[in-house]
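Respectively, the protein sequence lines represent chains W and R.
Under the numbering used here, the first residue of the first sequence is numbered 1, with each subsequent residue one higher.
Under the numbering used here, the first residue of the second sequence is numbered 249, with each subsequent residue one higher.
Don't read these hints as lab results, they were simulated from the structure.
Hints are not guaranteed to be accurate.
As the list claims (entries may be wrong) - Straight-line alpha carbon distances no greater than 25 Å define the calculated DSS-like cross-link-like pairs of lysine-lysine that follow:
| no. | chain 1 | residue 1 | chain 2 | residue 2 |
| --- | --- | --- | --- | --- |
| 1 | W | Lys130 | W | Lys174 |
| 2 | R | Lys357 | W | Lys94 |
| 3 | W | Lys94 | W | Lys130 |
| 4 | W | Lys174 | W | Lys27 |
| 5 | R | Lys357 | R | Lys314 |
| 6 | W | Lys130 | R | Lys357 |
To be verified - Label pairs and their calculated CB-CB ranges:
| no. | chain 1 | residue 1 | chain 2 | residue 2 | range |
| --- | --- | --- | --- | --- | --- |
| 7 | R | Thr250 | W | Asp20 | 35 to 43 Å |
| 8 | W | Asp20 | R | Ile405 | 36 to 44 Å |
| 9 | W | Gln105 | R | Ser398 | 46 to 54 Å |
| 10 | W | Ala67 | R | Ser424 | 58 to 66 Å |
| 11 | R | Phe520 | W | Gln105 | 29 to 37 Å |
| 12 | W | Val16 | R | Leu448 | 48 to 56 Å |
| 13 | R | Leu448 | W | Arg204 | 27 to 35 Å |
| 14 | R | Ser424 | W | Asn132 | 51 to 59 Å |
From the three backbone atoms N, C-alpha and C, an ideal C-beta is built for every residue, glycine too.
Here are the chains, one letter per residue:
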Amino acid sequence: MITLESVTKTYKTGTVALKDVSMEVSKGEFIFLVGASGAGKSTLMALILREELPDEGRIWVAGRNLANLPRWRVPYLRRNIGCVFQDFRLLPTKTVFENVAFALQVIGRPRHQIERQVTQVLDLVGLADKTNNMPDELSGGEQQRVAIARAFVNRPLILIADEPTGNLDPSTSKDIVQLLDRINKSGTTVVVATHDANIVDTMRKRVIELDNGEIVRDQNRGVYDVDIGNSSGVSARDLVAHSRGRKG
Amino acid sequence: MTIAAVLTVAISLSLVGAALFLRQGVSNATTEWRHGVNVIVWFHPSSSVTEQGAVGDELTQLTYVKSCAYRTQTYNYDQGKQFFQSLLGSASGAMTPSDTPASDQCVLKNPNEAAAIAARFTNMPGVLNVSYPSKAIHNMENVTHIAQLSFLIVALILLISALALIINTIRLAIFSRRKEVSVMKLVGATNWFIRVPFMLEGLVQGLIGALVAVAVVSILNWQLDSASAGNTLSTLYKMRLAGGELAFILVAILLIGVVIGALGSAFAVRRFLDT
């Protein structure tokens, strides 16, 4: 579903955001992308969304080689990728229903389809009774559910979440991640970039750790911090060597 | 949508319209003179037949004079009465045929020689005055040429400011809707889907401005009608435009308005929308 092959990205300022990164995310996988600020998580997200192009290496998303994708096709790529952010990015002047419906309106879906799909997805995220509320009348967790509903309403192949629980308390965070898990179970590939050790440790999904633009760990059923979670004391470097071996 | 942008488009296009109008109007008004009589030698009412005969002979001997027609005092009186009556009403009653000058009205092979004739005959015995409309035409054309040029320069400056105002308006619209735009990009709205509303906004501004200008020019034409009060000899009346000429100017104004609006918004969208 997402493949990176020796991807290097250097910004004009000279900052090397990613160094020779290769990874593969299969259809229906749920992965956590972890690492300190500046490790390259956001750059990786931007590359997958084709907001940026790599300097070296190749990227395939949903079967398309992004290097060969003409500019006018980028919107069609993004229809296959749902996006959720730390700051929700809801439109404050629209109701919950309108916020979610907006995602379908702007890609030209017919009204009856919008009506049906929005109702369905709001039901899925547990906000069926808040359809006519404005975003500022909702709690942080509820706002993030609206954002997830908007990202998922078009049934994308991939859902990307950048720090989705960054503004939420631990119990609400858990609910949000469980919602993402439910979406993943419906067949959508989910990529979550996070700092939140709690949710990573609870979910025990595949974890990819970035450090200074390099993948230092790729672990199935992983935890946030390998030194705490792995009592055998295996170092991150050892694990990445192991995981590269795994992919062959 | 700002009133400033619309008004600037309206004012500049009104000036463009007025300039085109002036050119066509003056050309309409002077056509008649251009092809008609070139020089009129007016005889003093008290001049003798001999004096008039001498002038007439000399005129017809000149190689660049095509033909001359002698108009009697009575003829000129009647013409004048007709002309002044429509302008002044009863005041024309003060004139009598014996106060009115007789005249030789000549058509020249080369209308540019009119000034030479004026210089030659003005001081001859019995001659009251030599008038040649080509001089008036020349003056009128000079004046209107300058007026037109200044109208067009001012209009050009205003069109550029209108363009800047439209760009700024669209820029502000993009800025105030940047959240929506970022969400639209995120969920995969096509670039054109995002651009079109902003481009339409600029187009509509240009169009509304142009419509106001169209109204102004139409009113101008209609005002000439009522100002000349149907007097077919009046220059104002002659300046009115025929249907086709007016339509051409109005369509030109509309087109310029739409082009300005489209250009401004296209630039703003390219520069500030970052799609």
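Against which earlier hints does the structure fall short, listed by number upward? 2, 6, 7, 8, 10, 11, 12, 13, 14
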